[in-house]
Amino acid sequence: TQLLEQSPQFLSIQEGENLTVYCNSSSVFSSLQWYRQEPGEGPVLLVTVVTGGEVKKLKRLTFQFGDARKDSSLHITAAQPGDTGLYLCAGDAMGGNTGKLIFGQGTTLQVKP
Amino acid sequence: GAVVSQHPSWVICKSGTSVKIECRSLDFQATTMFWYRQFPKQSLMLMATSNEGSKATYEQGVEKDKFLINHASLTLSTLTVTSAHPEDSSFYICSARGGRGQETQYFGPGTRLLVL
Numbered sequence: 001t002q003l004l005e006q007s008p009q010f011l012s013i014q015e016g017e018n019l020t021v022y023c024n025s026s027s028v029f030s031s032l033q034w035y036r037q038e039p040g041e042g043p044v045l046l047v048t049v050v051t052g053g054e055v056k057k058l059k060r061l062t063f064q065f066g067d068a069r070k071d072s073s074l075h076i077t078a079a080q081p082g083d084t085g086l087y088l089c090a091g092d093a094m095g096g097n098t099g100k101l102i103f104g105q106g107t108t109l110q111v112k113p
Numbered sequence: 001g002a003v004v005s006q007h008p009s010w011v012i013c014k015s016g017t018s019v020k021i022e023c024r025s026l027d028f029q030a031t032t033m034f035w036y037r038q039f040p041k042q043s044l045m046l047m048a049t050s051n052e053g054s055k056a057t058y059e060q061g062v063e064k065d066k067f068l069i070n071h072a073s074l075t076l077s078t079l080t081v082t083s084a085h086p087e088d089s090s091f092y093i094c095s096a097r098g099g100r101g102q103e104t105q106y107f108g109p110g111t112r113l114l115v116l
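Respectively, the protein sequence lines represent chains A and B.
The numbering used here applies: residue 1 is where the first sequence begins, and numbers increase by one.
The numbering used here applies: residue 1 is where the second sequence begins, and numbers increase by one.
It should be emphasised that the hints constitute simulated quantities derived from the structure, not laboratory data.
These figures come from a predicted structure and were not determined experimentally.
One thing to keep in mind: the hints can contain errors.
As the list claims (entries may be wrong) - Counterexamples of contact, computed for chain A against chain B with all Cβ distances above 12 Å: (1) 16; (2) 22; (3) 27; (4) 45; (5) 58; (6) 100.
What the hints assert, rightly or not - Chain B is faced by these chain A residues, among others (derived, beta-carbon under 7 Å): (7) 42; (8) 96; (9) 99; (10) 103; (11) 105; (12) 106; (13) 110.
We treat Cβ as the ideally placed atom computed from N, Cα and C, and that holds for glycine.
Can you make the complete structure from the sequences, with help from the hints?
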């Protein structure tokens, strides 16, 4: 079974700062997903990265998939209070496309105004 | 994007009772649905996978007789927590995806269960 290590687990920053969240594994994934979850709600998909070395941008969020498809990162530029939430990376538990997702531990981001 | 609903959104029950949680795909046919559990300040953990018309497969450590899953139609899966105990209190989240070629999973809003 694949494992995903996410770091940092907690992050408290001031509005306008930049941050990076990491998602690492010793296993290869066919794809990795990033989700954002608000308290009391289900996770919402932000992006799926599929190709090694791929970079995707979603407004101020930049997602990168490692060349070897074992890791991914989420970079937020000029963070805003509205970015506050739990960020989760996830990948297929068997490395393929079974749909059985394993999640990283999550990164709780707090952006102070 | 596709919509997945859950009902109820929250439930409080007494220890020893059973609770049923519904997961519906509202605008697509979900051949596969997944059930996750999330404890406070923790990440999601996969409990089981249900395919329409067949028995659910459970992850290691999840008791199939305690967490009964039924996926009787392409738009509905149910999770029944039998003889619930306080340690079953958690946030239960389902997700659904369509058939071949539809790989994206859509998550429901979750159901908060509190067992007294």
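Provide an ascending list of the numbers of those earlier hints which the structure does not satisfy. 4, 6, 8, 13
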